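Engineer: Sequence:
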Amino acid sequence: MSEITISFLIINSIGTFIGTLVNLFLCFVAAFHSPKTIKTFSIVLINYSLTNIGACITGFLLQQRILKDGRSLFYVSYGPCTVFGERFCFNVFGAYLHFHTHALWLIFLSFAYRYYVMVRKEPSRRLLQFSVFIVYIPSLTQFLGMFFQEMDLEEVRFVIQSRFPQYNLTGLTVTGAVDIITFAPLYTLIHMTIISFPIAIGIQVLRGKIIEVLVLKGVDLTTRSRNLHAQLLRTLTFQATVPLIYFLDVFCFFLTHIWSHPILEFSIIIPSLIVPILTPLSSLIYVTPYRNFVLRLFALRPLLKTVSSQSIQIISLNDV
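Residues in the sequence shown are numbered from 1 upward in steps of one, following UniProt numbering.
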């Protein structure tokens, strides 16, 4: 095994381990230490954390390298999934991708929820849970498409060896699609690239509307509620910005069209491992009740309270 491969496997293992721990901690904080004002919203936050945990676990099981050639796409796995064979690794990869797309949908739902609460009354927990299921359908369809995708492993291995003769892949776990212009790989490609753009635009539109409501003088929000909404908006805004890291994955992916190198092929996966680490940290940092719990838990000095509610409101809005 080359030094490049070992280096990326170490990076992958460390990243997925940290991401799993941070999201487990956020699940605990959101479940047992959410103030009443955002108790219902914690449903989305917990689902988001569980999705990140799924992405970290599957990422660790895969520890994958992606090779692209024309209309063919191949995946070389080095992680624990290899113990159970090629098909298991391919299914884990399908789960990995669907966790990342679902995480983006949950960010959109988070913004939609915050805006809905401001202009109407808070929805029931059951309705919010149903909404989480609705936005899960596109990612579930993507996962099921890959799960039931037919794959001739002998053909995959023959084609990859003929198109990448410079690599010694003997004994490695290799899967993929000889022709990506079929339902499962094509749907996955569209869902992870094209559909992501209108979701991102929708997030920014909702963010603008939330800010308008927060600065509106006649809005029916208490000072405490207004401040909590502003804190959550800063959290959601950060979470909406972090997924831009995925563009590094896309950039590396397109570079492999013109230059095949192990560093690029491993780098297609690595940037996406950072997202599940940064997004839960934003909630633990920006949401005051969560931040204060963390400070108390680790015996750190709690943050000073703002002098007046008006200054709290102004500071919160200027930081979003």
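Read the hints as simulated data drawn from the structure, not as lab findings.
Note that this is a predicted model, so its numbers are computed, not measured.
Note that beta-carbon positions come from the ideal geometry of N, C-alpha and C, so glycine has one too.
There's no promise every hint is true.
Cβ pair distances, simulated, as ranges [what the hints assert, rightly or not]:
#1 GLY208 - PHE130: 38 to 44 Å
#2 GLU212 - PHE158: 55 to 61 Å
#3 PRO165 - LEU189: 23 to 29 Å
Engineer: Assuming the hint says 38 to 44 Å, is it satisfied by the Cβ distance from GLY208 to PHE130 or not?
Structural biologist: Once the Cβ atoms are compared, 27 Å apart, the range 38 to 44 Å for PHE130 and GLY208 is violated.
Engineer: Please check whether GLU212 and PHE158 have a Cβ separation lying inside 55 to 61 Å.
Structural biologist: 59 Å, holds
Engineer: Okay, PRO165 versus LEU189 on CB: inside 23 to 29 Å?
Structural biologist: Between PRO165 and LEU189, where Cβ atoms are some 26 Å apart, the hint holds.
When held up to the earlier numbered hints, the structure conflicts with hint 1 and nothing else.
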